[in-house]
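K.L.:
One letter stands for each residue in the lines below.
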Amino acid sequence: MVKFTYPDAKYFRGIIEVLAKTMDEACFKVTPEGLKLRALDPAHVSLVDLEIPSSAFVEYECEEEYRLGFNTTMLLKLLKRGKRGDMLDISVEEEYMVIEIRGPITRRYKIRLLDVPEVELPQMELPFNVSAIVISDPLKNAIKDAEAVGDTLELEAKDETALVIRGKGEAGETETIISQDSGALISLKVSEPSRALYALDYVKNVLALTKIAESVTVEFSTAMPLKLEFSLPSEGRVIYLLAPKEE
Amino acid sequence: MIESSRNICVICKGSRRLCGRPVCPILLRFRESVRVTMEIKNRVVYGATPPSLVVGERGYPRISLFPALPTLLGEEAKLYDNPEEWWGNLSLEDIIRLRASMIYPSIKVHVKRDIRRSNVIDEIQWMIVSTKPVESEITLSRNPVPTLRFDEIIKPIGPSAPLTKLRVVGNPSVPKPVERVVSSLDIRARDAVIELYKHGVSIYDIIRLFSAGALGMHANRRIVPTRWSITAVDNIVGDYLLSKVKTFDRVDEVLLFHAEYLGNHFEIILLPQSYSFEMIEVWLPGSVWTGRSKAPVIVENYELWDGRCRGPMDGGYYAIRTGILEGLMGMRRQATVVVVREVRPEYFTPVGNWHIRESIRRAFNVKPEKPSSFGELLRIISRRLKVDVGEIVSRSRIFRMWLCQEKLTKYIKP
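Chains as they are written, first to last, in the numbering used here: chain W, 1 to 247; chain D, 1 to 414.
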């Protein structure tokens, strides 16, 4: 028996939106401790790592480990029907995942469960020389600005005063400085000055999460992957890991 | 192009070749149209339609339908609308000649309201479900005036006049799968297209059925302008193929295919990565649409693994994509594909996007070259292309990604 109730359908939709932009099919691993998902995109450039502990749910029923494979676009389509404040129930009925969105009215959907092969992904030990916590909204705007001019996002931190976000492309360049003075930077630790490039096509996949999480942990090093960690409103987190671009 | 250079045309009058083209397209189409319009007696056209149907988009939802036919009978008529047969055999002039020598009776209808009310539409639908030429008799309100219109997506349209009566004389030959989806009233248009494609019905037949409003759920059936139908069918077929292609293994090495027809040269590069696709179109000075530009005009559009095109919707892009996905399907492999389409001055007038789709299809029939490095790949294509290859590399998002983007797997320690 698997059944869980998430307090806000709208937030859950944000999470699925990131999945739908990253992969066709995904698989929730439901254990007594909580909900987990960890998968690479088809090109092996990015990785989504989701963890929501059972305590983040209003109701949570699960005695043994379950795997719920699903089509991400399909699930997203259904969740788009939900409004802010609607409750979301997910359960399993034979070979279907049953989704119930409870608001002023209750809507019930069934989608066929898929057999998504489990890919074992070892943890990566990545040395991050820069670690910053920033308010989501300025980060979102910096990404959108960058997108307007080019296809590459450049992150740079020379010292612990500011994180610089640049958009680079043929059309031009943009620059956003996130510093303590502006109030957008909560903390910044730099063990070595770093600068790295990332493909905007991938970075923008996480934009949906900037609407859910108030702050984001940004970690990177020169010519190394980027790690974005979003804390979910009740409990739990989504990590997005992205391989760098060479100069 | 013809429009923009109107003043040189006035000075030239078809004899001085001021536009630099080998033949004057205006004279060519005019001569044919005059010949065919001379053959019409008493406003009645008797012939076999290949079958051929063009649906205009101007004035949507009140649009014009052109069920076209040459003034001859029998199997021969098929050649007038048969891109699969045209490819490699017909020159641009041949195609213009064929298209200009058909009569295009016109009828104005509402795409939806008239579909179950008009006898003429019934008759047209009856005529176009055939995959072989159908003998038909058409009465016009006046004798047609010789003209010919050109378009990038649809095939050229010749002399036209309003239709007053249409009578299908011959027996349409309807393949089983076509009969089944046209007569079932509860299958969605998307599923109907895939069903037909799976049964080997030609994509050009599917497009015609789609635009005639012969597919889809009964209540939703409507007439669809030809341009929109072409891209819609390319898109549906492409997405269907992509869902299969995504499950295949990647190609093992860099592969290179190429094809050329009607002054359009294609280089198709397959990179050993998961599916994504990019089109780079190079319009050399002097080709259609470039106006008086002295430098090549380059257009770029792409999609990643999810099969959603990131740029504006474009009929040529989708035609290439269908050809590519068919090629990958045949190889049972997936790949990151970059297609360079170089349009040369020999392509002096657009004749539709069928030749793009066909060129890509044919390219896959030849054994690919296997360049050993990216440098060698560029050397090979630079020998065949007229544009500077450096320019292509700097404009290509996928090439840049291929050269610069790291994989996360690199950071996983065994």
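Bear in mind the hints are in silico, worked out from the structure with no lab data behind them.
Note that beta-carbon positions come from the ideal geometry of N, C-alpha and C, so glycine has one too.
Among the hints, a few may not be true.
With a Cα cut of at most 25 Å, we get these calculated DMTMM-like pairs of lysine to aspartate or glutamate [to be verified]:
#1 W:K3 / W:D115
#2 D:K407 / W:E247
#3 W:K168 / D:E303
#4 W:K110 / D:E303
#5 W:K140 / D:E406
#6 W:K211 / D:D306
#7 D:K176 / D:D191
#8 D:K246 / W:E25
#9 D:K407 / W:D151
#10 W:K29 / D:D306
#11 W:K80 / D:E406
#12 D:K407 / W:E154
#13 W:K168 / D:E406
#14 D:K410 / W:E229
#15 W:K140 / D:D186
#16 W:K77 / D:E123
#17 W:K140 / D:D191
#18 D:K246 / W:E120
#19 W:K10 / D:D306
#20 D:K198 / W:E120
#21 D:K407 / W:E94
#22 D:K407 / W:E125
#23 D:K244 / W:E25
#24 D:K410 / W:E120
#25 D:K410 / W:E247
#26 D:K246 / W:D24
#27 W:K110 / D:D186
#28 D:K386 / W:E170
#29 D:K410 / W:D151
Coverage of chain D stretches by chain W, computed from C-beta distances (three or more under 8 Å per stretch; other residues unrestricted) [what the hints assert, rightly or not]:
#30 268 to 275
#31 303 to 310
#32 397 to 410
K.L.:
Is the straight-line distance between the alpha-carbon of K246 (chain D) and that of D24 (chain W) 25 Å or less?
P.N.:
Distance of about 10 Å is within 25 Å: holds.
K.L.:
K140 (chain W) and E406 (chain D) were given as a pair; does the straight-line alpha-carbon distance stay at or below 25 Å?
P.N.:
Holds: K140 (chain W) and E406 (chain D) sit about 24 Å apart, inside 25 Å.
K.L.:
Run the distance test for K10 (chain W) versus D306 (chain D): straight-line Cα separation, threshold 25 Å.
P.N.:
Holds, because 23 Å separates the two Cα atoms, which is no more than 25 Å.
K.L.:
When you check the alpha-carbon spacing of K410 (chain D) and D151 (chain W), does it fall within 25 Å?
P.N.:
Answer holds: K410 (chain D) to D151 (chain W) is near 22 Å, not above 25 Å.
K.L.:
Holds or violated: K176 (chain D) with D191 (chain D), Cα cutoff 25 Å?
P.N.:
holds (16 Å)
K.L.:
Tell me if the straight-line CA distance from K410 (chain D) to E229 (chain W) falls inside 25 Å.
P.N.:
holds (21 Å)
K.L.:
Is it true that the CA of K407 (chain D) sits at most 25 Å from the CA of E154 (chain W)?
P.N.:
Within the cut-off at roughly 17 Å; holds.
K.L.:
Quick one, are K140 (chain W) and D191 (chain D) close enough, alpha carbons at most 25 Å?
P.N.:
At roughly 39 Å apart (the allowed maximum being 25 Å), D191 (chain D) and K140 (chain W) break the hint.
K.L.:
Holds or violated: K110 (chain W) with D186 (chain D), Cα cutoff 25 Å?
P.N.:
holds (22 Å)
K.L.:
Are the Cα positions of K3 (chain W) and D115 (chain W) separated by 25 Å at most?
P.N.:
Satisfied, since the Cα-Cα distance of roughly 19 Å is no more than 25 Å.
K.L.:
Does the alpha-carbon distance linking K168 (chain W) and E406 (chain D) stay inside the 25 Å limit?
P.N.:
holds (18 Å)
K.L.:
Is the hinted pair K140 (chain W) and D186 (chain D) satisfied, with a Cα-Cα distance of at most 25 Å?
P.N.:
violated (45 Å)
The structure is inconsistent with the numbered hints 4, 11, 15, 16, 17, 20 and 21, although it conforms to all the rest.
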